[in-house]
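Dock chain H against chain A, hints included.
There are 2 protein chains.
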Amino acid sequence: MRALHEAILSQGIGIGSDIVKVDMFLNHRIDTALLNRMGQEIARHFAAKKPDIVLTVEASGIALAVAAGMHLGGIPVVFAKKSQAVNQSSDLLCAPVYSFTHKQQNMIRADKRYLPSGSRVLIVDDFLANGEAVRGMMDLVKQAGCQLAGVAIAIEKGFQPGGQALRKEGVDLYALAVVDSIQDGHITLREE
Amino acid sequence: MRALHEAILSQGIGIGSDIVKVDMFLNHRIDTALLNRMGQEIARHFAAKKPDIVLTVEASGIALAVAAGMHLGGIPVVFAKKSQAVNQSSDLLCAPVYSFTHKQQNMIRADKRYLPSGSRVLIVDDFLANGEAVRGMMDLVKQAGCQLAGVAIAIEKGFQPGGQALRKEGVDLYALAVVDSIQDGHITLREE
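Chains A and H, in that order, give the protein sequences.
For the first sequence, our numbering assigns the number 1 to the initial residue and increments by one for each residue that follows.
For the second sequence, our numbering assigns the number 193 to the initial residue and increments by one for each residue that follows.
In isolation and in its complexed conformation, chain A is listed as follows (with noise of 0.2 Å):
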């Protein structure tokens, strides 16, 4: 997507050989002229799916998600969460998934009351590099009896393995960016 690849390239930053900085338009601060159009082209990939349901998890997959459901027809977005909150229900979904930025290994949990079986769920994430978060979804997706219609990234790093493996089996995976290297500080996107 044109204006998401020349945002990276004149907002983003690379460090060292596998982080891509994007919290100047994407995940710390949102420019939301810009997750519009992001919405909108996810959005249009994704309709002749007919998904009922976006989902995807705290905290910074949330912004995109929404603008996605908002463009698919005013579709409900639910969010996994990453703790168990005090006042929450007990009847949930989880999943495990480890989080590279972080360094540990999370719980995602989904009420199971808004994945209703047979609904057609969209996965939306800000990122993709090993896939953890994707997989994790998938996984209450399945838990869930629900079906997965495809999976929309913002950037996916194409040199970790999630991408590739995710379309290996099938999955309908987009990416509104493929970043294909950083190396001292330049950022390499994969042609359209």
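Zero decoy hints are in this set.
In the SDA-like style, the derived pairs of lysine to any residue whose C-alpha atoms are separated by at most 20 Å in a straight line are:
hint	chain 1	residue 1	chain 2	residue 2
1	A	Lys-82	H	Met-216
2	H	Lys-304	A	Ile-13
3	A	Lys-82	H	Lys-295
4	A	Lys-49	A	Tyr-174
5	A	Lys-103	H	Ser-275
6	A	Lys-21	H	Ser-275
7	A	Lys-50	H	Ala-225
8	H	Lys-304	H	Leu-285
9	A	Lys-21	H	Glu-250
10	H	Lys-213	A	Asp-111
11	H	Lys-274	A	Arg-109
12	H	Lys-274	H	Lys-295
13	H	Lys-241	H	Gly-337
14	H	Lys-213	A	Ser-83
15	H	Lys-274	A	Asn-106
16	H	Lys-304	A	Arg-29
17	A	Lys-168	A	Arg-135
18	A	Lys-82	A	Glu-132
19	H	Lys-213	A	Asp-91
20	A	Lys-21	H	Leu-285
21	A	Lys-82	H	Met-299
22	A	Lys-82	H	Phe-292
23	H	Lys-304	A	Gln-11
24	A	Lys-21	H	Lys-304
25	A	Lys-142	H	Arg-221
26	A	Lys-112	A	Met-138
27	A	Lys-82	H	Lys-274
28	H	Lys-334	A	Arg-29
29	H	Lys-242	H	Val-363
30	H	Lys-304	A	Met-24
31	A	Lys-82	H	Phe-217
Keep in mind the hints are simulated off the structure, nothing from the lab.
Remember, predicted model here, so these are calculated numbers, not experimental data.
What follows is chain H alone, placed relative to chain A:
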């Protein structure tokens, strides 16, 4: 706001004397059509204040903040973070916030660069009870040398002191719904 009132009365769950569970449309499952209208209503109320930035705190404030930011002409949303990520900048503003839901004190953090001095900041959050989260964000706004344009809240617990105290101090606080009491599972909303 009429549509939010209806959602609270038809789908919200009152627990004990002080909990309003709105997991099914606001902070676990998100009704994006309703959210869009809530963002529109916040924009209508605050447009004349010409905010430059929407500030919220992860995770459940993000969706509403994004909807508000989109309707305020695509202004950026900054969400304060609750935990120090490994690859986060060290150039941070910090403020303590006690969470009654999680029964613990968190630090909230925002990168200085995303709250440029002199900006007019609209604080947005899902709930207001004792006002701890809003006070923490007001602290960040002050530290950043920004001006407070106002505070927009989805649901204020009118029987807790946060909102009244802020209004006494002259803060332009706009709650889309105010809960006056919760008793035997019955939620009473303040007339608009």
